[in-house]
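Q: Okay, here's what each chain looks like letter by letter:
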Amino acid sequence: MSSRMKNIIVPVLAVLLGIIVGTIIMLVTGYDAGAAFIALWDGAFGDIYYTGETIRQITPYILAGLAVGFAFKTGLFNIGVEGQLLVGWLAAVWVGVAFELPKVIHLPLAVLAAAVAGALWAFIPGLLKAKFRVHEVIVTIMMNYVALHVVNHVIRTVLSNKSDRTADIYASASLRSPFLEGLTDYSRLHWGIIVALICVIIMWFILEKTSRGYELKAVGFNQHASEYAGMNVKSNIILSMVISGAFAGLAGAMEGLGTFGYQSISGGFTGVGFDGIAVALLGGNTPIGIVLAAILFGSLKVGALNMPLEAGVPNELVDIIIALIVFFVAASYMIRIFIDRIGKKGAK
Amino acid sequence: MEYVIEMLGIRKEFPGIVANDNITLQLEKGEIHALLGENGAGKSTLMNVLFGLYQPEKGEIRVKGKSVKITNPNIANDLGIGMVHQHFMLVDPFTVTENIILGNEVTKGGKIDLKTAEKKVAEISEKYGLAVDPKAKIQDISVGMQQRVEILKTLYRGAEILIFDEPTAVLTPQEIHELIQIMKTLIKEGKSIILITHKLKEIMEVCDRVTVIRKGVGIGTVNVSETNPNELASLMVGREVTFKTEKIGANPKQDVLEINDLKVKDSRGLPAINGLNLTVKAGEIVGIAGVDGNGQTELIEAITGLRKTESGSIQLNGKEIRNFSPRKVTESGVSHIPQDRHKHGLVLDFPIGENMVLQTYYQKPFSKGGILNYKEIYKKAKGLIAEYDVRTPSEFTPARALSGGNQQKAIIGREVDRNPDLLIAAQPTRGLDVGAIEFIHKRLIEQRDNGKAVLLLSFELDEIMNVSDRIAVIYEGQIVAIVDPKETTEQELGLLMAGSTRKEAGE
Chain A
1 MSSRMKNIIV PVLAVLLGII VGTIIMLVTG YDAGAAFIAL WDGAFGDIYY
51 TGETIRQITP YILAGLAVGF AFKTGLFNIG VEGQLLVGWL AAVWVGVAFE
101 LPKVIHLPLA VLAAAVAGAL WAFIPGLLKA KFRVHEVIVT IMMNYVALHV
151 VNHVIRTVLS NKSDRTADIY ASASLRSPFL EGLTDYSRLH WGIIVALICV
201 IIMWFILEKT SRGYELKAVG FNQHASEYAG MNVKSNIILS MVISGAFAGL
251 AGAMEGLGTF GYQSISGGFT GVGFDGIAVA LLGGNTPIGI VLAAILFGSL
301 KVGALNMPLE AGVPNELVDI IIALIVFFVA ASYMIRIFID RIGKKGAK
Chain B
1 MEYVIEMLGI RKEFPGIVAN DNITLQLEKG EIHALLGENG AGKSTLMNVL
51 FGLYQPEKGE IRVKGKSVKI TNPNIANDLG IGMVHQHFML VDPFTVTENI
101 ILGNEVTKGG KIDLKTAEKK VAEISEKYGL AVDPKAKIQD ISVGMQQRVE
151 ILKTLYRGAE ILIFDEPTAV LTPQEIHELI QIMKTLIKEG KSIILITHKL
201 KEIMEVCDRV TVIRKGVGIG TVNVSETNPN ELASLMVGRE VTFKTEKIGA
251 NPKQDVLEIN DLKVKDSRGL PAINGLNLTV KAGEIVGIAG VDGNGQTELI
301 EAITGLRKTE SGSIQLNGKE IRNFSPRKVT ESGVSHIPQD RHKHGLVLDF
351 PIGENMVLQT YYQKPFSKGG ILNYKEIYKK AKGLIAEYDV RTPSEFTPAR
401 ALSGGNQQKA IIGREVDRNP DLLIAAQPTR GLDVGAIEFI HKRLIEQRDN
451 GKAVLLLSFE LDEIMNVSDR IAVIYEGQIV AIVDPKETTE QELGLLMAGS
501 TRKEAGE
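Chain order of the listed sequences is A and B. Residue numbers for the first sequence follow the UniProt record's numbering, so the first one is 1 and each next one is one higher. Residue numbers for the second sequence follow the UniProt record's numbering, so the first one is 1 and each next one is one higher.
Rather than coming from a laboratory, the hints here were simulated on the basis of the structure. Keep in mind that a hint or two might mislead.
One side of the interface only, derived from the structure: several residues of chain A facing chain B at Cβ under 10 Å [said to hold, decoys possible]: (1) A33; (2) W204; (3) F205; (4) R212; (5) G213; (6) A218; (7) G220; (8) N222; (9) H224; (10) E227.
Computed from a prediction, not measured in an experiment: that's the story for all the values here. The beta-carbon is built from N, C-alpha and C at its ideal position, and this holds for glycine as well.
Using the sequences and the hints given, assemble the complete structure.
A: This is the structure we're talking about:
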């Protein structure tokens, strides 16, 4: 079997196994698994409104997945997508509430601010890794907490008068679209999905078509050979983190400028950044794979909301199924061996 | 004649290729039998068949006259076949004994009985003159000692037949000498040995018979006493091989590389190069001879920009290039065949084609305005692969999948093709077989004849003597002597490398 086929089959099998084990858990705990899956499907695609909500949820997942996947392709593990997302969200909302401008300027400016903020937040771990060999996993995890509390502080003291949320952004900075909302029975679907898909193309283009992408991949695979070949290893590490952070910041802009139109104080993380790790893993760190994985995660997340209503299944169970899928992807070695066995028998 | 092992007419296929075809190997009791073949000839495949890792499509294996089916390594173990792997399979923080009993632990009431095991290990070690300390940790002992632990492991498991897979590749000359003694002791004690190698010198020294395979096909078995290295080499390669590299006299012209009073520190901050002077002219090959660790690596890293220098000057065609970045050095006209092709020479996960533009990917025609032109890249790669006889299924194959010799040919093609003024070749033939070595030496001399300056670093004195026009002996970070290879001897070089002065060495 070609390795390309395997790269497709492994995640598909992982998803199936996750669903099968999830089914068993539901049956054991006395829930109607059939009704639960119908409810899940209905909740994600049963109605045009739900479909709109699902696409809306997919948007930040794509960007978070790209952020993790891009860093990973160049040999870095960016666990800090969550924090970069939060500062991106803040920057976008800040620009959105600070002044009113014509939409052609204001909206791009707010989106750009999010990308820059995320990029700067990721620049720090990139710099520390390049200059002092501090492991990026440690730094990015810690910077998630710094981001969470700094953002909360700015919302409370700078962007509001001791309130729990910022004001709504001006319409000129909003990604909201009456057209898309009308099309989907007034869901919160917004133009962000276009931004996300453009970013998918950007990632593919940088990595596969540019000489800079060639350098980034070379540094990711073999730093010694890259240095020997005259590449600047340090600046490539920093650049990779910066691009990754920009994608993460944009994921924040999707929430700030699209879904919510404001940012509120939060006691914990959004989870989108961490789910991005799973999305990238499931998607094999390839742009197309990330889109497909984001569709799956978005559908599960939105569809799950319908499970308690229609089938009486707690939506925690959906979290368990997602966890199982991620588990089976992470354990894909197991699945690969399994495929190899079957392949061998088939050949004989 | 009693054979302990017979492999008769073995054929092993992999998708697309026949790795072994009609190979017959018969091992007599108490002999050292060499298995000789080029890199990729199918030696390892054949031994993996014997060890139960692969199943042959055709052929028969007999152990002590009885036909057997070896379907996994445990059966091979039970039949008394043990393998000493080229890459050791040892747990570093464990002791020698712990490593030896791993997977085969003797327990007493649920606890490992280390004392009994240690005693047994010590006994075996003494019997065969291995001098291994059973309580030493693997991480604290030398590579040569680690290899002995691997030997002990097979003996502990009752091996009667030992397979050595390229055992000398990782050893120093002294350790090689000791290993040969150990192999002779093993034979005296009634063991039989299969030695996988492509080093003819070793075969001539220790082996009784040799079976040659070429491109997967069994060529035949000859008695070592009735053959010579030249015959073996041509059997292995399939044509006449010349050991003495043919070349006309050098015609040196202007200075290309000029190093004056160079000082460089090593990674620990200690002086590695102490005021070194060296000149390489256009149209000559200067060989650097020296014992490993006398500053060779640092010297090359300093020239190529991979290591910062303290003081002195490095001039290329009269222009200072000291402390240039590697890219600027490359662009100034320096090519570098690195010592470690896996670490520095290639990005193993990239296709071999993309490795061919590792230093030039950003230049026209491979890149235009930052956008890569894959068509041009692969066109270039295809040309180099053909010209330098790099054997690969295609230019899209990952570099990792190529054999060592073909990886090296690819690197040499890439470096020579850039048409440098100075070509630095660091151990360009390490781990390669006779055919590939001959090819590479020819290319180096060709570069010299084209008026390039070539700087050759090698730990093989034969190579230095054969290829160089001048030999610079390096000792403790200085060039201590420049000698003419036609007028010197290995003995003189050996003494100079050990720090004697020219006058002492000549006496």
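Q: Does each hint hold? Answer for all of them.
A: Against the structure, the hints come out as follows:
{"no.": "1", "hint": "A33", "in the structure": "violated, 42 Å"}
{"no.": "2", "hint": "W204", "in the structure": "violated, 13 Å"}
{"no.": "3", "hint": "F205", "in the structure": "holds, 9 Å"}
{"no.": "4", "hint": "R212", "in the structure": "holds, 6 Å"}
{"no.": "5", "hint": "G213", "in the structure": "holds, 8 Å"}
{"no.": "6", "hint": "A218", "in the structure": "holds, 5 Å"}
{"no.": "7", "hint": "G220", "in the structure": "holds, 9 Å"}
{"no.": "8", "hint": "N222", "in the structure": "holds, 5 Å"}
{"no.": "9", "hint": "H224", "in the structure": "holds, 5 Å"}
{"no.": "10", "hint": "E227", "in the structure": "holds, 6 Å"}
In this structure, the hints that do not hold are numbers 1 and 2, in rising order.
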